[in-house]
Structures are given as structure tokens and as C-alpha cells.
Amino acid sequence: MISSPASLFFAFHDPEGIQTENLRKMLPILRENFQGAFVSVTPETAKRNSAVVAFFQESGFFTVNINEEGSTIGDHFLSGFKNVIAHANPDQLVHLCASDRLSFALPLPRAWQRLREPGYDEASRSWRIT
1 MISSPASLFF AFHDPEGIQT ENLRKMLPIL RENFQGAFVS VTPETAKRNS
51 AVVAFFQESG FFTVNINEEG STIGDHFLSG FKNVIAHANP DQLVHLCASD
101 RLSFALPLPR AWQRLREPGY DEASRSWRIT
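Going by this note's numbering, the first residue of the sequence shown is number 1, and it counts up by one from there.
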């Protein structure tokens, strides 16, 4: 059950794939707490990290726009906001956020914190003594 009628919006620059794995891990928690996310992908990310673009598109959670070569960060936010306007319900609350700060900024359940704690074994739902 979604605890918030809100969605997220962020510009996404991750050509090296550093944030991609974190977003994969966070997706179940994001689904529990938000209706969806609007993502404005930089051209360099689309070119060098096509796996994240496929992940976004296949997830059913993210509404994606990919920016043109030579575009600036301002263009990325502008095209992202246009994407929100085109696809969001006019009454929908949309939070502007930074994808790399989601795990630190949102007051999500204990499950969120477990994603960052190396001693927690998700499969057995127990703590490993290291």
C-alpha cells in the first residue's frame, strides 16, 4: 500500500553507474511510499549507462525523459518539469529531490536503513556478526 499520494522528480546523472545499484535496492521501498518518479536523464548517462535507462523504463515506476546532447543541467530540469506536467495528475504532489540523497533525506521505515547496513542479511532477515 502506498503511504503517500506524492511522486518524486529528479535529474539523473550517473554515467559510471555508481547510483544505479542503490536505486535498484531502493525501488521496493520507493514503491511502498510513492506513486512513482519522474526522471530526467542526462545524455552522457543515457549513452554510457544504458542499463539504468532500461531499468527505469522496465520498472513501471519511473517516467523517463532523456535529454539531448549538448544540453545543460538547467535544460535537464526544464525538460523534467515538462515531463511532470505532461504525465502527472494536476492535483498530484511531486517532490523535487536529488537521487543520491534519497536514502538520507526521507523518513522511511527501518527497512530503508537496513539497505545501508553491511551486517544485515536480507535473506535470513537477521544480523551477521562480523
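Accuracy of the hints is not assured; some may be wrong.
Restricting the straight-line Cα-Cα distance to at most 20 Å, the calculated cross-link-like pairs of lysine to aspartate or glutamate (DMTMM-like) are [as the list claims (entries may be wrong)]:
#1 Lys82 with Glu68
#2 Lys47 with Glu69
#3 Lys47 with Glu32
#4 Lys47 with Asp91
#5 Lys47 with Glu68
#6 Lys47 with Glu21
#7 Lys25 with Asp75
#8 Lys82 with Glu32
#9 Lys47 with Glu58
#10 Lys47 with Asp75
#11 Lys82 with Glu69
#12 Lys25 with Glu68
No lab work stands behind these hints: they were computed from the structure.
Since this is a predicted model, take the numbers as computed values, not measurements.
Hints and how they fare:
1. Lys82 with Glu68: Given that 20 Å is the threshold and the Cα spacing comes to 14 Å, the pair holds.
2. Lys47 with Glu69: holds (10 Å)
3. Lys47 with Glu32: violated (30 Å)
4. Lys47 with Asp91: violated (34 Å)
5. Lys47 with Glu68: holds (11 Å)
6. Lys47 with Glu21: This hinted pair holds, its Cα atoms lying about 18 Å apart.
7. Lys25 with Asp75: violated (28 Å)
8. Lys82 with Glu32: Violated, because 25 Å separates the two Cα atoms, which is more than 20 Å.
9. Lys47 with Glu58: Roughly 17 Å separates the two Cα atoms, so the pair holds.
10. Lys47 with Asp75: holds (17 Å)
11. Lys82 with Glu69: Status holds; Cα separation ~18 Å.
12. Lys25 with Glu68: At roughly 28 Å apart (the allowed maximum being 20 Å), glutamate 68 and lysine 25 break the hint.
Checked against the numbered hints given earlier, the structure breaks hints 3, 4, 7, 8, 12 and satisfies all the rest.
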